[in-house]
Amino acid sequence: MKQSLTFAVILLAMLSMINAFQLHKRKTEFSDCEGLHLDVKSMTPDPLQAGKNTTFTISGDFTTHPLTSEFKQYIAIGEGFAYLAVYDQDICSDSSVSSSDIPKCPVTDYNTTMTIQVPDDLDNSYVLLVFIWDGSYTSKGQEWLACARAVVGQ
Numbered sequence: 032m033k034q035s036l037t038f039a040v041i042l043l044a045m046l047s048m049i050n051a052f053q054l055h056k057r058k059t060e061f062s063d064c065e066g067l068h069l070d071v072k073s074m075t076p077d078p079l080q081a082g083k084n085t086t087f088t089i090s091g092d093f094t095t096h097p098l099t100s101e102f103k104q105y106i107a108i109g110e111g112f113a114y115l116a117v118y119d120q121d122i123c124s125d126s127s128v129s130s131s132d133i134p135k136c137p138v139t140d141y142n143t144t145m146t147i148q149v150p151d152d153l154d155n156s157y158v159l160l161v162f163i164w165d166g167s168y169t170s171k172g173q174e175w176l177a178c179a180r181a182v183v184g185q
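Numbers 32 to 185, taken from our numbering, label the letters of the sequence shown in order.
Treat the hints as calculated values from the structure; they're not laboratory data.
A portion of the hints provided could be inaccurate.
Claimed, not checked - For lysine-lysine, the following DSS-like pairs were computed, each having C-alpha atoms within a straight-line distance of at most 27 Å: (1) K58 / K83; (2) K72 / K135; (3) K72 / K83; (4) K58 / K72; (5) K83 / K103; (6) K72 / K103; (7) K135 / K103.
Taking the hints into account, I'd like the entire structure generated from these sequences.
Next up, the structure:
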């Protein structure tokens with residue numbers, strides 16, 4: 032009887048310690064790319080899940096350089112030095128017929144969501160790039176207007 036009581040007390044103590052231990056979810060942390068600020072407010076689900084849709088909430092202040100119809104929002108998933116997938120979305124439209132989904136240009140207060148289909152063969156380690164670019168190249172290469180990046184699993 033005494034051994035059963037001791038065992039029960041130890042078991043209850045262990046269970047209460049296990050329940051008290053907080054598991055911290057690994058949240059993907061985005062940082063600016065070389066001073067080009069873009070705020071990735073959320074990513075759902077976080078982290079990415081292979082073969083599933085992921086929705087990003089992205090914002091930025093472009094009062095000094097308003098976004099025009101030449102610019103697009105891009106999300107790239109890379110593994111090592113290769114891009115696994117690149118997605119793009121229009122930011123705004125010059126058209127006089129405005130859509131509820133696409134605002135009229137120019138845009139200075141940028142707030143949007145973008146949903147992508149994550150590749151089925153996504154590895155546990157990858158790099159995420161979220162950037163705004165007008166598609167042009169200069170002598171320096173690609174000139175991005177804003178960018179955020181995250182390294183996952185490394």
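Quick rundown of the hints versus the structure:
1. K58 / K83: Given pair K58, K83 holds - Cα atoms ~18 Å apart, limit 27 Å.
2. K72 / K135: Holds, because 23 Å separates the two Cα atoms, which is no more than 27 Å.
3. K72 / K83: This hinted pair holds, its Cα atoms lying about 20 Å apart.
4. K58 / K72: holds, 12 Å
5. K83 / K103: holds, 23 Å
6. K72 / K103: holds, 18 Å
7. K135 / K103: holds, 14 Å
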